[in-house]
Amino acid sequence: MSDFLQNLTDMVDEIKAMRDIIITNIVLIGQIPAPTFKEKRRSMVFMERMAEFGVDEVTTDGYRNPIGIIRGTSPDKPPIFVVAHLDTFIERDIVHNYTIKKDTITGPGILDNSLGVGVMMSLPIIFKRLDLGFESDIVLAGTIQSLGKGNLRGVRHLLKTWPTPIRGGVCIEGVELGRLNYFSDGMIRGEIECRILENMGGKFKYPADAILILNEIINEIMNLRLSQRPRSRIVIGKISGGANHGKVAHDANLGFEIRSDSYKMVKSIYSDIKDIVDGIGHENEVDLNIKTISNLRASRLKFNHPLVKSTASVLHSLGIKPISKSTESALSIFLSRKIPTVTLGITHGENYYSENATAEIEPMFKGIAQVIGVLKSIDQGVCDENQLA
Amino acid sequence: MKTNWLDNNTFHHSAFSDLNRLVDVKQRKNVTISLCLPTLNEERTIAKEIIIMKSELMTRYPLIDELVVIDSGSTDNTTEIAKSFGADVHDANDILPCLEKFKGKGENLWKALYITRGDIIIYLDADIKNIHHRFAYGLIGPLLLHDHIKYAKAFYDRPISIGKNKIRPTGGGRVTELVIRPLFSLFFPELTQIIQPLSGEYAGFREIFEKIPFPIGYGIETSMILDIYERWGLDVIAQVDLDRRIHRNQDTKALGRMSFAILKTFINRQKRLGLIDLKNHLFDEIIQYNLVNSRYKPDTLKIVGHERPPMIEIPEYCEKFNIRNLDLKIG
Chain F
1 MSDFLQNLTD MVDEIKAMRD IIITNIVLIG QIPAPTFKEK RRSMVFMERM
51 AEFGVDEVTT DGYRNPIGII RGTSPDKPPI FVVAHLDTFI ERDIVHNYTI
101 KKDTITGPGI LDNSLGVGVM MSLPIIFKRL DLGFESDIVL AGTIQSLGKG
151 NLRGVRHLLK TWPTPIRGGV CIEGVELGRL NYFSDGMIRG EIECRILENM
201 GGKFKYPADA ILILNEIINE IMNLRLSQRP RSRIVIGKIS GGANHGKVAH
251 DANLGFEIRS DSYKMVKSIY SDIKDIVDGI GHENEVDLNI KTISNLRASR
301 LKFNHPLVKS TASVLHSLGI KPISKSTESA LSIFLSRKIP TVTLGITHGE
351 NYYSENATAE IEPMFKGIAQ VIGVLKSIDQ GVCDENQLA
Chain V
1001 MKTNWLDNNT FHHSAFSDLN RLVDVKQRKN VTISLCLPTL NEERTIAKEI
1051 IIMKSELMTR YPLIDELVVI DSGSTDNTTE IAKSFGADVH DANDILPCLE
1101 KFKGKGENLW KALYITRGDI IIYLDADIKN IHHRFAYGLI GPLLLHDHIK
1151 YAKAFYDRPI SIGKNKIRPT GGGRVTELVI RPLFSLFFPE LTQIIQPLSG
1201 EYAGFREIFE KIPFPIGYGI ETSMILDIYE RWGLDVIAQV DLDRRIHRNQ
1251 DTKALGRMSF AILKTFINRQ KRLGLIDLKN HLFDEIIQYN LVNSRYKPDT
1301 LKIVGHERPP MIEIPEYCEK FNIRNLDLKI G
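Chains F and V, in that order, give the protein sequences.
Going by the numbering used here, the first sequence opens with residue 1, and the numbers climb by one from there.
Going by the numbering used here, the second sequence opens with residue 1001, and the numbers climb by one from there.
One or more hints might be untrue.
Said to hold, decoys possible - Subject to a maximum C-alpha distance of 27 Å in a straight line, what follows is the list of computed DSS-like cross-link-like pairs (lysine-lysine):
1) 101(F) with 1297(V)
2) 1302(V) with 1253(V)
3) 128(F) with 77(F)
4) 1253(V) with 101(F)
5) 274(F) with 291(F)
6) 1103(V) with 1129(V)
7) 1129(V) with 102(F)
8) 376(F) with 77(F)
9) 309(F) with 77(F)
10) 160(F) with 267(F)
11) 325(F) with 128(F)
12) 40(F) with 1129(V)
13) 38(F) with 1129(V)
14) 291(F) with 160(F)
15) 16(F) with 1083(V)
16) 267(F) with 325(F)
17) 1103(V) with 1279(V)
18) 1083(V) with 101(F)
19) 267(F) with 309(F)
20) 16(F) with 376(F)
21) 1320(V) with 102(F)
22) 325(F) with 149(F)
23) 274(F) with 264(F)
24) 1103(V) with 16(F)
25) 302(F) with 325(F)
26) 102(F) with 321(F)
27) 1320(V) with 1253(V)
No lab work stands behind these hints: they were computed from the structure.
Modelling step: build the complete structure from the supplied sequences, incorporating the hints.
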């Protein structure tokens, strides 16, 4: 493996020589709008490109996740998965035209996750040109319905129905180069909806205001005592409501996320929030609802797991400092199914969620080299004898 | 009027998406292909055009042999970006420097004939926001696969960009519908079958382009159609549906200036063909009015309408391409 790590730095320039093809893939896939639940056109282009690149098998699973399979040399070795989610936060009516400058690519959704998908689509041709072969089949999957209300349905289905054991996995995200995610917190994302009909709350002097009701709920949530161990956190991430400045708000919505090392703790906090919502709804005689948008169980690889250690070595060999944080993404679905997996970022960027999201071109080549390094590690067996705790 | 041209010579780009086939035919016919992008301050779109064309039609499929950018003196980073992505970039003023210098798209296209080497030349505007390699292979296809076709012109849906990240689904083509199509209907009804005569994307054989004059400005698209039609007939022309092209919207006054140049080109050709007889010369200035402090003030712009002669009449060109006589190769 150390020889391979040595070669990895030389590989960066060879990958850079394929810059035009890689950027073309990013642009061609990224310019197709793919908000969650509307990924069909992007899936078709993904499969067309895979077929054009001579991938051995191009298909979809039963949930319509598009998949390309590069056959390995040892049919008895389980496959290695590479996944990048196809969907973006950007709505279909936003123009998805990308601008390429000397050092950057700018466009809606590029960082989350069009760049990741474009890079994954480029892997077959990169492998071919670098003459890289694997013992395992490499399964390249563009997963659908990942974000928000999609609740990672695509990857959940893909892994649940895959007929064979899976050797290991790499999840690709556009940014940030250096991320080495190998654990996921337990998480519940929820929404609280307040609706006040015109004739509700009539017995009070002043009519109830949906925004003020939510404000009261926020205050109560802030009063909750969260445990230090297991580490727990509540994020109030989204709020909307009302019609105009001078009118009492008849509707309002609050989006929140609970995270913890322990999923049991997440559920307990959710239950506390539900009690708050029920109580305030009852006392104010307003229509208050709480619902779960998505949820994940906590799961992790140990820091001394061979995949984590070998991934860190790959990053170090390329001069990249690994940074590890929890991630609430496809990784947790892999880990919950006991498949050793890491999430890697490809490049650096800014304005992540705006229409002017911008990715740097140059770091991308190291980002791709690290993915190849990790795939080689898995192919050489770092995941084979270590089950997850 | 010949009306079956529309059926016989209209294609969809998907008919030419088998790039291996196009490469085979190209190699069998021993044809070389050049792509020219005329530019003037196109830093937002030029890199994308170069990268996609190079990746798909040069690196992956050897369909295009050279990619040339001819710039009219951009003041932004167009030329620097184009060079950094591997294009062969030329300042129009540096090409054939012994000739009088003009500035305009037609000038760039004409000078590209001298700079490029291909038997087929594709011209693509450099401001296409949704560029895809179909814009090139769609135009090359008819030229390679249909021996009688010597010139292919694009048409498409034309959503127009109406502000930051917003488009209007249909629109554009106002000059076509208000100026060109009425003129064609009056003088050359057959040509009305060309859906978008002003589209900025076309490809053709050098043997055609080198034998026609090039207006230096807006009139280039109209003159090209009229001259090819007059000299070789409608059957050598094809049109290809490229689906969708997103472009910048232009205000009415800019379209007025464009129409002025086109009308001038058109009328001069009609005069030359003896189809009309003008008692007076045409003026060189378009006069438009602006409301300034409640008063209308004229805004005058001179559009002379210079034309470059057929390139084959330029001695330096004949020398470079070893052309010893002016015999036409076709028609």
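Tested hints:
With a CA separation close to 41 Å, the supplied pair residue 101(F) and residue 1297(V) exceeds the 27 Å bound. For the proposed pair residue 1302(V) and residue 1253(V), the alpha carbon gap of about 14 Å is at most 27 Å, so the pair holds. Only pairs whose Cα atoms come within 27 Å are accepted, and residue 128(F) paired with residue 77(F) is accepted, the gap being roughly 21 Å. With a CA separation close to 31 Å, the supplied pair residue 1253(V) and residue 101(F) exceeds the 27 Å bound.
For the hint linking residue 274(F) to residue 291(F), the alpha-carbon distance of about 9 Å falls within 27 Å, and the restraint holds. For the hint linking residue 1103(V) to residue 1129(V), the alpha-carbon distance of about 24 Å falls within 27 Å, and the restraint holds. In summary, the hint linking residue 1129(V) to residue 102(F) is supported, as the alpha carbons are separated by about 17 Å, within the 27 Å threshold. Restraint check for residue 376(F) and residue 77(F): the C-alpha separation of about 14 Å stays at or below 27 Å, so the hint holds.
Of the pairs offered as hints, the one joining residue 309(F) and residue 77(F) holds, with about 22 Å between alpha carbons and a cut-off of 27 Å not exceeded. Under the criterion of a C-alpha separation no larger than 27 Å, the hint pairing residue 160(F) with residue 267(F) is consistent with the structure, at around 24 Å. Distance hint between residue 325(F) and residue 128(F) is unfulfilled; the C-alpha atoms sit about 33 Å from each other, more than 27 Å. For the given pair, residue 40(F) sits about 22 Å from residue 1129(V) by alpha-carbon distance, which is consistent with the 27 Å threshold.
For a cut-off of 27 Å, the pair hint linking residue 38(F) to residue 1129(V) stands: about 23 Å separates their Cα positions. Pair hint residue 291(F) plus residue 160(F) holds up; C-alpha atoms about 25 Å apart against a cutoff of 27 Å. For a cut-off of 27 Å, the pair hint linking residue 16(F) to residue 1083(V) stands: about 17 Å separates their Cα positions. Restraint check for residue 267(F) and residue 325(F): the C-alpha separation of about 22 Å stays at or below 27 Å, so the hint holds.
The suggested pairing of residue 1103(V) with residue 1279(V) is violated, with an alpha-carbon distance near 30 Å, which exceeds 27 Å. Distance restraint check for residue 1083(V) and residue 101(F): the Cα-Cα separation of roughly 12 Å lies within the 27 Å cut-off, and the hinted pair is therefore satisfied. As the CA atoms of residue 267(F) and residue 309(F) are separated by approximately 32 Å, the hinted pair breaks the 27 Å bound. Taking the CA atoms of residue 16(F) and residue 376(F), the gap is near 19 Å; set against the 27 Å cutoff, the hint holds.
In summary, the hint linking residue 1320(V) to residue 102(F) is not supported, as the alpha carbons are separated by about 34 Å, beyond the 27 Å threshold. Taken as a hint, the residue 325(F) and residue 149(F) pair is honoured in the structure, with Cα atoms around 23 Å apart against an allowance of 27 Å. Between residue 274(F) and residue 264(F), the direct Cα distance comes to roughly 15 Å. Compliance with the 27 Å bound is thereby established for this hinted pair. For the given pair, residue 1103(V) sits about 37 Å from residue 16(F) by alpha-carbon distance, which is inconsistent with the 27 Å threshold.
With a CA separation close to 13 Å, the supplied pair residue 302(F) and residue 325(F) stays within the 27 Å bound. Note on residue 102(F) and residue 321(F): the hinted pairing holds, with a Cα-Cα distance of about 26 Å set against a maximum of 27 Å. For the proposed pair residue 1320(V) and residue 1253(V), the alpha carbon gap of about 42 Å is over 27 Å, so the pair is violated.
Violated hints for the displayed structure, listed by number in ascending order: 1, 4, 11, 17, 19, 21, 24, 27.
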